[in-house]
Amino acid sequence: MKAYINAHGIISPQRTFDGAFFENGLEEYTQPQMHCIEPDYKEFINPAKLRRMSRILKMGLGAASLCVQRGTQPDAIVIGSGFGCLADLEKFQYAMKAENEQLLSPTPFVNSSHNMISSQIAIALGCNGYNMTHFHAALSFENALLDTLMLLNSGDAQNVLVGGIDEITEQLFSITDKLNIWRKDNCSNKNLFEGTHRGTLMGEGAAFFIIGTKPNNGNPVQITGTHTFIDGNADIVSEAADFLGTLNLTIADIDTMILGRNGDAENDCVYDALENCCQANIVHYKHLCGEYRTSSAFAMWLGANILQRQQIPQCAIKRKSGKNNYSNILIYNHLNGTEHAFTVLSK
Amino acid sequence: MPQRVFITGFGIISAIGNGADETLASLKAKRSGIGRLELFESALSNIPVGEIKKSALELSELAGIEHNVHNSRAFLLGLIAAKAAMQMAGYQKGYNRMGMIGSTTVAGQDLLDTYYTQMLDGTLVDAEMHRAFTGADATEKIAITLGIKHNVTTISTACSSSANAIMNGVRMIRSGLADTMLVGGMDSLARFSLNGFNALEILSPTGCKPFDQDRNGITPGEGAAFLVLESEAKTAGKQKYGEIRGFANFNEAYHQTLVNPDGVYAEAAMRKAIETAGLQPADIDYLNAHGTGTEANDLVESKAIKSVFGDHLPHISSTKGFTGHTFAAAGAIECVFSLLAINNNLALPNVGFSTPIDETGIVPVTEPTSMKINNIISNSFGFGGNDTSLVISKAE
Numbered sequence: 001m002k003a004y005i006n007a008h009g010i011i012s013p014q015r016t017f018d019g020a021f022f023e024n025g026l027e028e029y030t031q032p033q034m035h036c037i038e039p040d041y042k043e044f045i046n047p048a049k050l051r052r053m054s055r056i057l058k059m060g061l062g063a064a065s066l067c068v069q070r071g072t073q074p075d076a077i078v079i080g081s082g083f084g085c086l087a088d089l090e091k092f093q094y095a096m097k098a099e100n101e102q103l104l105s106p107t108p109f110v111n112s113s114h115n116m117i118s119s120q121i122a123i124a125l126g127c128n129g130y131n132m133t134h135f136h137a138a139l140s141f142e143n144a145l146l147d148t149l150m151l152l153n154s155g156d157a158q159n160v161l162v163g164g165i166d167e168i169t170e171q172l173f174s175i176t177d178k179l180n181i182w183r184k185d186n187c188s189n190k191n192l193f194e195g196t197h198r199g200t201l202m203g204e205g206a207a208f209f210i211i212g213t214k215p216n217n218g219n220p221v222q223i224t225g226t227h228t229f230i231d232g233n234a235d236i237v238s239e240a241a242d243f244l245g246t247l248n249l250t251i252a253d254i255d256t257m258i259l260g261r262n263g264d265a266e267n268d269c270v271y272d273a274l275e276n277c278c279q280a281n282i283v284h285y286k287h288l289c290g291e292y293r294t295s296s297a298f299a300m301w302l303g304a305n306i307l308q309r310q311q312i313p314q315c316a317i318k319r320k321s322g323k324n325n326y327s328n329i330l331i332y333n334h335l336n337g338t339e340h341a342f343t344v345l346s347k
Numbered sequence: 001m002p003q004r005v006f007i008t009g010f011g012i013i014s015a016i017g018n019g020a021d022e023t024l025a026s027l028k029a030k031r032s033g034i035g036r037l038e039l040f041e042s043a044l045s046n047i048p049v050g051e052i053k054k055s056a057l058e059l060s061e062l063a064g065i066e067h068n069v070h071n072s073r074a075f076l077l078g079l080i081a082a083k084a085a086m087q088m089a090g091y092q093k094g095y096n097r098m099g100m101i102g103s104t105t106v107a108g109q110d111l112l113d114t115y116y117t118q119m120l121d122g123t124l125v126d127a128e129m130h131r132a133f134t135g136a137d138a139t140e141k142i143a144i145t146l147g148i149k150h151n152v153t154t155i156s157t158a159c160s161s162s163a164n165a166i167m168n169g170v171r172m173i174r175s176g177l178a179d180t181m182l183v184g185g186m187d188s189l190a191r192f193s194l195n196g197f198n199a200l201e202i203l204s205p206t207g208c209k210p211f212d213q214d215r216n217g218i219t220p221g222e223g224a225a226f227l228v229l230e231s232e233a234k235t236a237g238k239q240k241y242g243e244i245r246g247f248a249n250f251n252e253a254y255h256q257t258l259v260n261p262d263g264v265y266a267e268a269a270m271r272k273a274i275e276t277a278g279l280q281p282a283d284i285d286y287l288n289a290h291g292t293g294t295e296a297n298d299l300v301e302s303k304a305i306k307s308v309f310g311d312h313l314p315h316i317s318s319t320k321g322f323t324g325h326t327f328a329a330a331g332a333i334e335c336v337f338s339l340l341a342i343n344n345n346l347a348l349p350n351v352g353f354s355t356p357i358d359e360t361g362i363v364p365v366t367e368p369t370s371m372k373i374n375n376i377i378s379n380s381f382g383f384g385g386n387d388t389s390l391v392i393s394k395a396e
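Here the protein sequences come in this chain order: A and B.
The first sequence begins at 1 in our numbering and counts up one residue at a time.
The second sequence begins at 1 in our numbering and counts up one residue at a time.
If you're looking for bench data, these hints aren't it; they were derived computationally from the structure.
As the structure is a computational prediction, the values presented were derived from the model and not from experiment.
Accuracy of the hints is not assured; some may be wrong.
[As the list claims (entries may be wrong)] In silico negatives: residues of chain A with every beta carbon more than 12 Å from chain B: (1) Asp40; (2) Leu103; (3) Ser174; (4) His197; (5) Asn217; (6) Val237; (7) Ala252; (8) Gln314; (9) Cys315.
[Unchecked claim] In silico lysine to any residue, SDA-like type, Cα no more than 20 Å apart, as pairs: (10) A:Lys91 with B:Ser193; (11) A:Lys58 with B:His255; (12) B:Lys93 with A:Asp231; (13) B:Lys83 with B:Lys238.
Where a beta carbon is used, it is the ideal one built from N, C-alpha and C, also for glycine.
Next up, chain A with everything else stripped away, as it sits in the complex (with noise of 0.2 Å):
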């Protein structure tokens, strides 16, 4: 069995909604958060309940849409996301105590349910299969994408729409920029793997597509496998030649990787082994969306976009190799040296 990436709406710090980013080059922040550029919603979400939308579903909804807008209608629904409607907990949570746990309204609550996301897309496309929701920190989209692709082998489903999503929200940044995550020195993400530093940019999105088992189109970009684990130890470089075993792909196979490098001296080095042991193009993209639990899911769109286009964004390498066909991606990110996950795109 094969899969497919049929379709892709992806809303993100760069103009991606549209496909604008390939001709406008990178969208630049000097602030360390990288916020989404968000589409008219009203183009594809009923203005009435648009109005009473929380933030990260209109995200997610928008992003929904237009997969749904260039594809077809999905039989079911996987969502990846690392904290979830993190702007209604803190609601919630913020008036349970300023009211003493007194007259409180439970829509927060409600909206605050890891799963809302999916539910109202389920809601707003009809869509009465399948519905799940993982939120495993940085490791959060690859799980849904193996569940998609369970999915697809099992044959209880043959279009899935699967994203990652995660938003920004003042607390989380607040709370995060205590702990010294993100850069304080005003950085533009053009410049974020320049020079020696500690901290990164905060970033967020919405990256969604419709995966099935044929192609929809004739330049299909396939998913070949994804895998997620968790070592604080590991050896990457072997955990990625066992992982492409499986697939029976080897890592000279791989002619792009793309890596999830942030600009964080101590967050990089972990990539450091598995991009000098090959000859493959490199590319980096959390300068172009920042860091965020589901940012693989923007590399996976960025992914699909190299394999289709044949063609790397300029502002995306770090190193070019004498490879100018792009027919198998490796991408490669990490949280804390802790959670890894790998997915390969193949023409």
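Knowing the structure of chain A, use the given hints to seat chain B on it.
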């Protein structure tokens, strides 16, 4: 024929006890765990709850670890149940073909409640605490403690979360991605969820009365249950406590909190679970209902049950009168109850019931009833219209 997946170990902790023996004794004696909230302060302390009367220190001791402020109550409950399941299945630790699926609504909600304001105003700067606010942290710490490295995930689909974790554990094994899966769920009582359900006006002032005409809402509970699922090849020479034979998940696509009054997808979930098990409705001996005790759920679930089973109803009960509604943990807790029912040939009683619902007339089992039990269906329906049914069968 899809590959068969068996249960070789399970662990449980809830308001009616820690471990299979204590749990079974309470079920047989109709000893409910519902009572007053004692372990934390809340403006809602008059609401009955299914609380586990053990402090964080006592739970840490049961889990065999040092007390640590970064450990959420849900994590401690999960670790106790997961360790017991692993031990029963004969595993000291994980191996490379073992994965894990945990599930929770907001595992770290007790820590959020205590430390969030300090983290926000900067009086507490603690990266580990920030991680512990999320559900993934509970799963991940259990996986690391037990040496499970590959294919670890956390599912959150409200009250059907751990039923989905079990379903997906079976799917992982059938897909050939793992031979053994540790699956389950954990949730603790906290002011966050108490206040949420109170704001929705669905908390029972008296203690829940599933399937009763005068039912008046849910009773929040807490607990955890984990199961070790294994491929048939892996169970050679091992004791098998049951088989997950069928499952189904549908979405009502109706409303975030209201149930579709026609119950069509609750019905569809039961039908498809029975069909995927290769069984007929008549083969189901006992039905462990979602049965939360709300006006809407119990009526709609009753109608759906009648549509599936017609006049030949299996023995039916909701066990939420024992534990309260343990949210994300409910599916796994009730799967363990189902294993106890199968292995002891005992239909479990529905405490809190006295008068059948006028419209449907379903009379649940009210006394522990000895009978031959080969197949059980267990329902878990969650907010967001997430309907999951599992068929649990005797291991043969």
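Structure-based check of each hint:
no.	hint	verdict
1	Asp40	25 Å, holds
2	Leu103	8 Å, violated
3	Ser174	6 Å, violated
4	His197	18 Å, holds
5	Asn217	27 Å, holds
6	Val237	17 Å, holds
7	Ala252	24 Å, holds
8	Gln314	36 Å, holds
9	Cys315	31 Å, holds
10	A:Lys91 with B:Ser193	14 Å, holds
11	A:Lys58 with B:His255	17 Å, holds
12	B:Lys93 with A:Asp231	15 Å, holds
13	B:Lys83 with B:Lys238	18 Å, holds
Taken one by one, the earlier hints fail for this structure at numbers 2 and 3, listed in ascending order.
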